[in-house]
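Participant: Please construct the entire structure, taking both the sequences and the accompanying hints into account.
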Amino acid sequence: MLRQNLKFFLIFITIIALFILFKNGQIFDLGIIFRKSFSPEKFNTTLLSFPDNLEEEYKNLLVENNQLKELKQENNELRELLELKNKKEYNLAVVNILSRDPLNRNILIIDAGRDRGIENGQAVVVSNGIVVGKIIDAGIDSSKLRLLTDHFSKLAVKIGDDRNVSGILSGSLGLVMELSFIPQEQEIKKGDIVVTADIDPKIPSGLVVGQIENVEFEQEELFKEASVLPLINYEVLFTLAVITQS
Amino acid sequence: MRYLYFILIFLISSFLYLFLNFYDNGWQFLQPFLVALLLIYFNSEKEWVYYTFALLAGFFIDSFTGIFGLHAVIFVIIVFVLKSLQVTILSSKNILSIILLTLFSFVVFWLLFWASDLIFNWDLYIIDNNLIKPILKMTGINIFLVIFLHLIYYNFWVKRHDQKQSF
Chain A
1 MLRQNLKFFL IFITIIALFI LFKNGQIFDL GIIFRKSFSP EKFNTTLLSF PDNLEEEYKN
61 LLVENNQLKE LKQENNELRE LLELKNKKEY NLAVVNILSR DPLNRNILII DAGRDRGIEN
121 GQAVVVSNGI VVGKIIDAGI DSSKLRLLTD HFSKLAVKIG DDRNVSGILS GSLGLVMELS
181 FIPQEQEIKK GDIVVTADID PKIPSGLVVG QIENVEFEQE ELFKEASVLP LINYEVLFTL
241 AVITQS
Chain B
1 MRYLYFILIF LISSFLYLFL NFYDNGWQFL QPFLVALLLI YFNSEKEWVY YTFALLAGFF
61 IDSFTGIFGL HAVIFVIIVF VLKSLQVTIL SSKNILSIIL LTLFSFVVFW LLFWASDLIF
121 NWDLYIIDNN LIKPILKMTG INIFLVIFLH LIYYNFWVKR HDQKQSF
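Quick note, the sequences are listed as chains A and B, same order. Okay, so the first sequence: first residue is 1 according to the numbering used here, each after it adds one. Okay, so the second sequence: first residue is 1 according to the numbering used here, each after it adds one.
Please keep in mind that the hints were generated in silico from the structure rather than gathered at the bench. Cβ coordinates follow ideal geometry from the N, Cα and C atoms, glycine included. Hints may be right or wrong, so weigh each one.
What the hints assert, rightly or not - Short, incomplete list of chain B residues facing chain A, as computed with Cβ under 7 Å:
1. GLU47
2. TYR51
3. LEU55
4. PHE68
5. GLY69
6. ALA72
7. VAL76
8. PHE80
9. VAL87
10. LEU136
Facilitator: Okay, structure coming up:
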């Protein structure tokens, strides 16, 4: 009785093992036999064969996809610049960034110069009209621009809702901007928008620069000071425009 | 006629298995196939019947789970162990033998899963502290179901038709 039970057990365990091996295709693939018997040969060769250049095609598509993404971003920025130009009636020279200065990362080299009407001191804006810097060295076909966060950058600005407070904006450590020479009696607060003043003839007034982050005030000082945060990240600039004539 | 009943039991177990697996609050640990296998084992004298049922029930569950063949092997082992016990030490025909064999079969069932999980890291049933309680609860329900259904069958069918029990 026990022996008969063992015999049945071994038979059924063998059957299970065979099923597992058949299912995994380790003895022969039952699936292929079914497919061959039920479908014509040409379908097997076209549908079941693995494409040779799949990896290469994938890499090409990946490259193409990245290029298209960049083109999309560039297209959006150019569209916004076009809108800005029509709205404010500026003459804009759209430029691309060639490189950053290796010694000072706040100095960028762009691919346009005097051949496109660019002169020293002109304002450089991004697509939505935010000022990011000034031209400091206009070459024949390339120029250098200094970002507002650079330590040597200086820009006359106005603050407040009615824009009657003036000050001088300078860079600080390449990260934020410092606002100085604000008269003590003038009221400014955190969150005020800083815009360009109409002192410099090469820079149109009313262009957005940044937002006040912190106001420093001491009784014995003649002027107030404030730190200003840029509204965009200066590390990921892509397409810029120089305001050549306002 | 008896084999028709077996097929019917298989179909009911399949339905219950698929139905219970929709619930995630422990009801998936109710094992209708194991209950059916034990009921068939207790009421059939032919070895090929319950071994085949164990094989088919195991493969049915395996077709829905990740490791093909595991349930089938475990069900066949359970049948083998029960039959071996029955022909050696638990050979009497009383209800106590049925209770003990049922209890033992569920212990073997979860022990084998725990061992396979420990050795191969298959994680078919995640056996951790949070799930011990529902597993134990459902094991209790399973054992109760086997004994209850067998008692009903024994009292309302076997006695009435004056048949002998399988052992």
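Participant: State for each hint whether it applies.
Facilitator: Quick rundown of the hints versus the structure:
Because the beta carbon of B:GLU47 sits about 5 Å from the nearest beta carbon in chain A, less than 7 Å, this interface hint is met. Satisfaction of the interface hint for B:TYR51 is found here, the shortest Cβ-Cβ separation to chain A being roughly 5 Å, below the 7 Å cut-off. Annotation: interface hint on B:LEU55 holds; nearest CB of chain A at approximately 6 Å, less than 7 Å. Of the supplied interface hints, the one on B:PHE68 holds, with its beta-carbon coming within about 5 Å of a beta-carbon of chain A, less than 7 Å.
Checking B:GLY69 against chain A: minimum C-beta separation of about 4 Å stays under 7 Å; hint holds. Annotation: B:ALA72 was flagged as interfacial toward chain A, and the flag holds, the nearest CB pair being 5 Å apart, inside 7 Å. For B:VAL76, the interface hint holds, the least distance from its beta-carbon to any beta-carbon of chain A being 5 Å, beneath 7 Å. Look at B:PHE80: its Cβ gets to within about 4 Å of chain A, closer than 7 Å, so that hint holds up.
Contact between B:VAL87 and chain A, as hinted, is supported at the beta carbon level, the nearest pair being about 5 Å apart and thus within 7 Å. Residue-level restraint check for B:LEU136 is violated (minimum Cβ-Cβ distance to chain A is 29 Å; threshold 7 Å).
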